[in-house]
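Asks: In case you want the letters, here they are:
Number of protein chains: 2
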Amino acid sequence: MKLTESTILRINLTSQTRVEEIVDPEAFQMYLGGRGMASKIIYDEVDPAVNPLSPDNKLIFANGLLSGTSAPTGGRYMVVTKSPLTGTIACSNSGGFFGAVMRRAGYLMIIIEGRSNKPVYLSIYDNNVEFHDASHLWGMTTDRTTDIILEEFGEKRARVACIGPAGENMSNLACVINDKSRAAGRSGVGAVMGSKNLKAIVVKGSHVVEFDNREMFNRTIKEKISIINEHPVTGEGLPALGTKVLDSIINQNGLYPTRNFQFTTFESTEEVNGEALVNKGYLRSNKSCFACPIGCGRDTVLPSGRSGEGPEYETGWAFGADCGVSDLIAITEANFLCNEYGLDTIGAGATIAAAMELYEKGHIMREELENGPELKFGNSEAIVYYTKKMALREGIGDRLAEGSYRLAHKYGHPEISMSVKKQELPAYDPRGVQGHALNYATSNRGGCHVRGYMISPEILGVPEKLDPQELKGKPDWVITFQNLTAVIDSIGMCLFTSFALGLEDYTDLINSATGYNMTPEQVLKVGDRIWNLERMFNLKAGITPDMDTLPERFFKEPIPDGPQKGAVALLHKMLPEYYKHRGWKKDGTIPDSKLKDLDMKKEKVITMKKSG
Amino acid sequence: MKLTESTILRINLTSQTRVEEIVDPEAFQMYLGGRGMASKIIYDEVDPAVNPLSPDNKLIFANGLLSGTSAPTGGRYMVVTKSPLTGTIACSNSGGFFGAVMRRAGYLMIIIEGRSNKPVYLSIYDNNVEFHDASHLWGMTTDRTTDIILEEFGEKRARVACIGPAGENMSNLACVINDKSRAAGRSGVGAVMGSKNLKAIVVKGSHVVEFDNREMFNRTIKEKISIINEHPVTGEGLPALGTKVLDSIINQNGLYPTRNFQFTTFESTEEVNGEALVNKGYLRSNKSCFACPIGCGRDTVLPSGRSGEGPEYETGWAFGADCGVSDLIAITEANFLCNEYGLDTIGAGATIAAAMELYEKGHIMREELENGPELKFGNSEAIVYYTKKMALREGIGDRLAEGSYRLAHKYGHPEISMSVKKQELPAYDPRGVQGHALNYATSNRGGCHVRGYMISPEILGVPEKLDPQELKGKPDWVITFQNLTAVIDSIGMCLFTSFALGLEDYTDLINSATGYNMTPEQVLKVGDRIWNLERMFNLKAGITPDMDTLPERFFKEPIPDGPQKGAVALLHKMLPEYYKHRGWKKDGTIPDSKLKDLDMKKEKVITMKKSG
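Taken in order, these protein sequences are the chains called X and D.
The opening position of the first sequence corresponds to residue 68 in this note's numbering, with each subsequent residue numbered one higher.
The opening position of the second sequence corresponds to residue 68 in this note's numbering, with each subsequent residue numbered one higher.
Calculated from the structure, these hints are not laboratory results.
Honestly, I wouldn't trust all of these hints.
Said to hold, decoys possible - If you anchor each label on the Cβ, the simulated ranges turn out as follows:
1. D:Asp366 with X:Lys632: 45 to 55 Å
2. D:Ser374 with X:Lys632: 43 to 53 Å
3. X:Glu337 with D:Gly479: 55 to 65 Å
4. D:Pro630 with X:Glu427: 47 to 57 Å
5. X:Glu337 with D:Glu334: 20 to 30 Å
6. D:Gly479 with X:Glu334: 24 to 34 Å
7. D:Asp366 with X:Glu337: 49 to 59 Å
8. D:Asp366 with X:Asn285: 51 to 61 Å
9. X:Lys632 with D:Glu334: 23 to 33 Å
10. D:His476 with X:Gly528: 23 to 33 Å
What you are looking at is a predicted structure, and each value in this text was computed from that prediction instead of being measured.
No residue lacks a Cβ here, since even glycine has one placed at the ideal position from N, Cα and C.
Whole structure, please, built from the sequences with the hints as guidance.
Replies: Structure (structure tokens):
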């Protein structure tokens, strides 16, 4: 199986048929797999106006260029579709082992079309594809689903990606869970899977990716692993504390959103941070994804004996500071429930936080909770209780399942939803980091930190320290970070490698693996191309440029506490320059000249039937 | 097997030998089995000065007269020993099925003597007794221990009583757990079992109790069951909400001890009461003990899927209001951990509450918590975390395991322990119920509500409503309740029947079962005899009458909140009359005349070798 000639599996669930295709080799180099290539397919094949939960939407499980190889962190896959949460194109990225094994099973990508008339799951073993009835799995949690499928499949070392009850119930916050605890988390991609009546995909295979020059690739990998191991963030901080190394840093910098972004410092940070997870004895061990030299995963066990993966920084924050909760057991339990029921932890936690503000301000009434715990900030029971209600759409959980924007809108107060393009913001207050604010506002999948992680330079000083309140130069930084991230996603590597690696390193990895001879500028242009492609889809889908904004709280309410006290978001001082440097029109639309620059062959379908 | 000629099994763990004995028939009628008869054996055979955790202490598993018969709630057994927590004689009472099945296995009582040199468990099947190595079970939770023993014993319907890690670690708060979730809870009887290296007893049998007049007994039972079913407390309140029917009642009456008895009303009662347990969906079903027509047990399941029995009123209060915690999930989880690790829930919760007051007042320092959660009132994580630490004696858990009195004493503030005779008080503030206060102070096993439950008349109005602040007549009420309770315990019935049944009813049951022709006065005299016997043991053990008192808070600090605001305990206005009406000397000791009145044959051993 040659790296750049990987096969695509196209499944039609309506007709329960399959066909194999390959990608145009030229297109391969233009998008480098994963996010880029899958977005191109969605762009070419899906009407941007489609109802995301209709059979006409498509759902792509996409490996990146290096997924399944021994490139460091080369185990990532993406789920690409039109999002029911945001209405934008969505790409949710996950680690674990599913992606790598899916490639070994024979496929770079799996395109899911149509809708089955009853619950099904797919098994794939070295290009042998079978449809199975999944009626007996419907309603089951992801861990139980995984166990049963592995037993039925008879291959213990196979890998499963599936949805839980939240996906079946088409919650806008539903994710796809693979390997029991890794999530393609955001934008409701699990709801699209649920809308298709597809419960799971199980993969196993023996294919090995071939390289033109295996020795050169290995040498490059070895070099990059050394860089990763020697960097303080990827070599020390992340292995020791996982992403939860960030809690104290972000809190100390006055960016730690507390009580639905009403405050920026949390008084109980030391009770819930990464150090606490270790010191309280809940951390059992690190956990690594496929081919990962970092190992930021948290294998945890609670005093009750309940165990699982997490919490990560964002999860711990969403159920913790954002809900005002200082009980690390409850936070971790809410995380476990999200994994088991298939909910995005950021979306679920942040939606409960919004509900708490709505409740405390008298918009949600006590009766609506139907005897459930009070939705008050700090209520540890509430985060566990309503997470499950949300997954099952029971009682007020039915409204929570729609996400914070639709919830707050329902009560006439959309401004209480801390979201961009209806997707909940993650754990950094944008008023305190202006570059990151610009990134939030312009992200192609709505509120997101992993589309251009400006926290890295603005707070962590990687690759260099920028003043978080300085505006000058920030649009260019954001553009570069957004483009580079699109490349890292597309090649199937983990974004965390970018703390240690730079554009040149990724270029080395791409060239040594493929035999391409791309310059760093050409590689970055791939990212630019992907970014513009996503934007084109969104514009056609009715996601207008005026939605490149932030919740009004960040403009109207200066930060009331902490080191960034008094700050507001200065987005509109940066946005014109951002549009300009993106090569866009003043109104935020994309001129043909930009598309020409990017060599974008509009409307050309990039897949073709596999010969032979 | 004749009811009044039941066999006693005497086990010596040091020599791993056994012998069968029977009780003198005359003595049987004097003590009626259970608490009375086992206390007489302890009194006769154990030096009151003995170290409770030495091999010279004895541990008796005792059925009552009617245990294992179809008398309503006739499934109770008791564990009687000298307590390591209080230094008094102790009798801890439990339901479930173990006691009834132990009688079917052939025994009214099992007397455990000595100490095994390695962990053992006993199996008993129709008088066949075997000793088994229990090294593989040491360290295991009670549920796991039970499962493994049932598997090894090969009899699924057998019944197990065992200790968890808390008993092995000889915590003063360790209990004996039978049937996985019923507890002989108080006074540290599990530590005595642990000190003997006895992990468990498993029983099964086919013996049936014979009656002289089965028809008359059945008729009497039927009549008493009707009374129980028709009473609002036993026929409605307890089945619907379990003992947690009390939360709101006791809170509304301003007796609900909050934050280690600093307050008497809890602002979050509605979040944690019996109604909440039902309405939040945590209650799966009622659960009944052997032959019980009430069914107050709570079979619960949490959103995490963790399930078990509880919380009862006392447990919910101890981890809830007493610790200021309003998270019903955390409260229930702490309960499950107590069941699994073998801890008394009242003692464990109340000790954490005392630790919280010690911490908030600056006596326990942050460093001593070794990175554990802060010991602040309201911290839901702390109650779960420190319960487990206590059972395992890890970190500060080693001090908590000693109970609140020794903990508070260690920090120089014994007054912060809300205990009588070093045993933690249950869920009723004595300042608001003077009769109950007198009962607390004079209880023979220290702080306890089930030695003379004056809440029944003083608050619930059963059998008639008394003013809780009135002193007149209270000593006589307390004496009668204490004596009657000793009878109910001894005949192996549940104290909850006394909401519906009176002295005459119990007399009917005793006479119809045995053929005795006792008057109600004679039956009550049995209770008086037992009470005095226990007192005699305690006096010899150095439990002096000046220990018939309450924590100084109840005398010095008037209730600061709620309907009983301003009240203090008026114990010393009642105690002289109590002593006098007990027939005791002014100094609280027992004159020979009283013993003569009670026909107590001092020092006479009441058991004899079984003939044939």
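Asks: Each hint should be assessed against the structure and marked as holding or not.
Replies: Against the structure, the hints come out as follows:
One distance hint, 45 to 55 Å for the beta-carbon pair Asp366 (chain D) and Lys632 (chain X), holds here, with the actual separation near 52 Å. At about 47 Å, the beta-carbon gap between Ser374 (chain D) and Lys632 (chain X) stays in the expected band of 43 to 53 Å. About 28 Å separates the C-beta atoms of Glu337 (chain X) and Gly479 (chain D), a value inconsistent with the hinted range of 55 to 65 Å. A C-beta distance of roughly 29 Å is found between Pro630 (chain D) and Glu427 (chain X), which places it outside the suggested range of 47 to 57 Å.
Hint check: Glu337 (chain X) to Glu334 (chain D), Cβ distance near 26 Å, so the stated range 20 to 30 Å holds. Between Gly479 (chain D) and Glu334 (chain X) the beta carbon distance is about 30 Å. The supplied range of 24 to 34 Å therefore holds. Take Asp366 (chain D) and Glu337 (chain X): their Cβ atoms lie about 38 Å apart, and the range 49 to 59 Å is violated. A hinted range of 51 to 61 Å holds for the C-beta pair Asp366 (chain D) and Asn285 (chain X), which are about 59 Å apart.
About 32 Å separates the C-beta atoms of Lys632 (chain X) and Glu334 (chain D), a value consistent with the hinted range of 23 to 33 Å. Between His476 (chain D) and Gly528 (chain X) the Cβ separation comes to about 52 Å, which falls outside the hinted range of 23 to 33 Å.
Figure legend: structure checked against the earlier numbered hints; hints not met, in rising order: 3, 4, 7, 10.
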